[in-house]
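Enquirer: Chain residues, written in single-letter form:
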Amino acid sequence: QKEVEQNSGPLSVPEGAIASLNCTYSDRGSQSFFWYRQYSGKSPELIMSIYSNGDKEDGRFTAQLNKASQYVSLLIRDSQPSDSATYLCAGGGAQKLVFGQGTRLTINP
Amino acid sequence: GAVVSQHPSRVICKSGTSVKIECRSLDFQATTMFWYRQFPKQSLMLMATSNEGSKATYEQGVEKDKFLINHASLTLSTLTVTSAHPEDSSFYICSAGDRGREKLFFGSGTQLSVL
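Heads up: the protein sequence lines correspond to chains A and B, in order.
Under my numbering, read the first sequence as residues 1 to 109, first letter to last.
Under my numbering, read the second sequence as residues 1001 to 1115, first letter to last.
This is chain A alone, in the form it adopts within the complex (with noise of 0.2 Å):
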């Protein structure tokens, strides 16, 4: 059974401050990893997209990938109320993606 596992939250973060979220995987297969992230009754929107090992950033979001610890991370610097929502993490290949249970972030202003 390919899992990915996420802390389910809530995660609080005071506004200003970097929020760090956390992603492990057991399929050693998995090629490609996916942060989404989920506003309550929306579906959900690609934020980060990271392939190989290392750091990948793209504004105030950085996504890590360590494949030999099967481990990706998603780090959120200057975190803004608009932040709040649900992450889910995504892991796969040929589109057909493994989400998991996804975690609940809330900055707090």
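Hint data in this document are derived by calculation from the structure and do not stem from the laboratory.
All C-beta atoms in this analysis are idealised placements derived from N, C-alpha and C, irrespective of residue type, glycine included.
Errors might be hidden in some of the hints.
Stated by the list, open to error - Taking lysine to any residue and the SDA-like style, the derived pairs with C-alpha atoms no more than 25 Å apart in a straight line are:
{"no.": "1", "chain 1": "A", "residue 1": "K42", "chain 2": "B", "residue 2": "L1115"}
{"no.": "2", "chain 1": "B", "residue 1": "K1103", "chain 2": "A", "residue 2": "P14"}
{"no.": "3", "chain 1": "A", "residue 1": "K42", "chain 2": "B", "residue 2": "L1046"}
{"no.": "4", "chain 1": "A", "residue 1": "K42", "chain 2": "B", "residue 2": "K1103"}
{"no.": "5", "chain 1": "B", "residue 1": "K1041", "chain 2": "A", "residue 2": "S82"}
{"no.": "6", "chain 1": "A", "residue 1": "K42", "chain 2": "B", "residue 2": "S1054"}
Claimed, not checked - Okay, the calculated bits of chain B under chain A, using three or more residues with CB under 8 Å as the criterion:
{"no.": "7", "stretch": "1012-1024"}
{"no.": "8", "stretch": "1069-1075"}
Using the hints provided, position chain B relative to the given structure of chain A.
Expert: Showing chain B alone in chain A's frame:
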């Protein structure tokens, strides 16, 4: 960016009726589309992979006779929930990927409520 349109956004129906949900890729051709179901405060669970011109591939535990999938063209896949019951009430989401691209684009989702 690529756009996936899903319709309707919300359905309320009586138990025993059938409901059809449409998923369209608006600016690209999608040979494969995916259907997910999401219960409150839970993650997305893949139900089936919809393949253009062939039968859908269902995940373990998903009844293919209850959740009918048709992918008749490169831009349209439909999911029909047959004889819906209250336990089928959920958020249904489709996704599609542009050919050769790893990224998936999601439809806006359909909230199904069966009374």
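Enquirer: Each hint needs a verdict: does it hold in this structure or not?
Expert: Hints versus structure:
1. K42(A) / L1115(B): holds (22 Å)
2. K1103(B) / P14(A): violated (31 Å)
3. K42(A) / L1046(B): holds (17 Å)
4. K42(A) / K1103(B): Cα-Cα ~18 Å, so holds.
5. K1041(B) / S82(A): holds (19 Å)
6. K42(A) / S1054(B): violated (30 Å)
7. 1012-1024: As far as the stretch 1012-1024 of chain B goes, the hint is violated, because 0 residues have Cβ atoms under 8 Å from chain A.
8. 1069-1075: This one is violated; 0 residues, fewer than the three required, reach chain A with a Cβ under 8 Å.
Hint compliance for this structure: hints 2, 6, 7 and 8 are broken, all remaining hints hold.
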